[in-house]
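**Student:** Spelled out from the first residue to the last, the chains are:
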Amino acid sequence: AQSVTQLDSHVSVSEGTPVLLRCNYSSSYSPSLFWYVQHPNKGLQLLLKYTSAATLVKGINGFEAEFKKSETSFHLTKPSAHMSDAAEYFCVVSDRGSSNTGKLIFGQGTTLQVKP
Amino acid sequence: KAGVTQTPRYLIKTRGQQVTLSCSPISGHRSVSWYQQTPGQGLQFLFEYFSETQRNKGNFPGRFSGRQFSNSRSEMNVSTLELGDSALYLCASSLALGRRPNTGELFFGEGSRLTVL
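Chains A and B supply the protein sequences, listed in that same order. For the working numbering, add 99 to where a residue sits in the first sequence, where the first one is 1. For the working numbering, add 5 to where a residue sits in the second sequence, where the first one is 1.
No lab work stands behind these hints: they were computed from the structure. Each hint should be verified, as a subset may be incorrect.
[Unchecked claim] Negatives, chain B to chain A, calculated, CB over 10 Å:
{"hint": "1", "residue": "Val9"}
{"hint": "2", "residue": "Asn61"}
{"hint": "3", "residue": "Leu111"}
[What the hints assert, rightly or not] Straight-line alpha carbon distances no greater than 20 Å define the calculated EDC-like cross-link-like pairs of lysine to aspartate or glutamate that follow:
{"hint": "4", "chain 1": "A", "residue 1": "Lys202", "chain 2": "B", "residue 2": "Glu87"}
{"hint": "5", "chain 1": "A", "residue 1": "Lys141", "chain 2": "B", "residue 2": "Glu115"}
{"hint": "6", "chain 1": "A", "residue 1": "Lys157", "chain 2": "B", "residue 2": "Glu87"}
{"hint": "7", "chain 1": "A", "residue 1": "Lys202", "chain 2": "B", "residue 2": "Glu57"}
{"hint": "8", "chain 1": "A", "residue 1": "Lys141", "chain 2": "B", "residue 2": "Glu110"}
Since this is a predicted model, take the numbers as computed values, not measurements. Positions of the beta carbon are idealized from the N, C-alpha and C atoms, including for glycine.
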């Protein structure tokens with residue numbers, strides 16, 4: 100069965116400093132992995148996705164993530180945090196390892212706080 | 006292009022009542038999925054519909070049901086409401102699924118926030 104574990108429930112950074120949100124996954128298939136962001140009282144928006152192409156994935160708003168099979172990790176990074184990055188971030192794996200499904204398995208989320 | 010539209014955005018019900026939530030997907034999207042979001046359980050998959058057929062179902066009791074219409078719009082229904090059903094219900098749509106792989110991206114609506122008293 101697929102699962103994801105987000106290692107931090109809350110991360111606080113200062114504006115202009117790097118962001119690291121950690122995610123480990125478990126999958127018996129070659130996984131499809133995603134990062135979604137949710138701003139307060141909003142739906143979720145896709146930041147980036149990995150579907151077995153390049154292991155370094157670039158997303159929107161300067162975010163990127165690296166798929167490391169040996170470490171079963173898919174950490175999200177950004178070189179310089181902006182105040183508008185404050186939100187809830189979800190690491191997600193697609194059920195059955197295929198992107199060909201609407202069934203996603205979500206991590207518990209990481210709240211990113213950005214201090215001025 | 007209009008995004009995923011969910012109605013109503015907010016609603017309050019009492020225990021034992023039933024509720025119907027509506028979702029209009031992005032034009033051209035034929036797959037609709039529903040998720041429940043609560044502080045304790047996080048985001049959990051409810052069900053997925055494609056071409057009016059339920060393709061996947063999450064681990065929820067039979068009180069939770071859904072359907073999809075020929076225009077891809079979807080509704081979900083919760084009967085005999087319980088306090089624990091209070092949650093944000095999110096609908097997501099994606100391009101046609103089936104044998105062809107899609108982009109893997111789900112487009113989410115802003116949700117329907119249900120409060121059960």
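**Student:** Hints first: check each against the structure and report whether it holds.
**Tutor:** We went through each hint and held it up to the structure:
no. : hint                : in the structure
1   : Val9                : violated, 7 Å
2   : Asn61               : violated, 5 Å
3   : Leu111              : violated, 6 Å
4   : A:Lys202 / B:Glu87  : violated, 25 Å
5   : A:Lys141 / B:Glu115 : holds, 5 Å
6   : A:Lys157 / B:Glu87  : violated, 42 Å
7   : A:Lys202 / B:Glu57  : holds, 16 Å
8   : A:Lys141 / B:Glu110 : holds, 17 Å
This entry does not satisfy hints 1, 2, 3, 4 and 6, going by the numbered hints stated previously.
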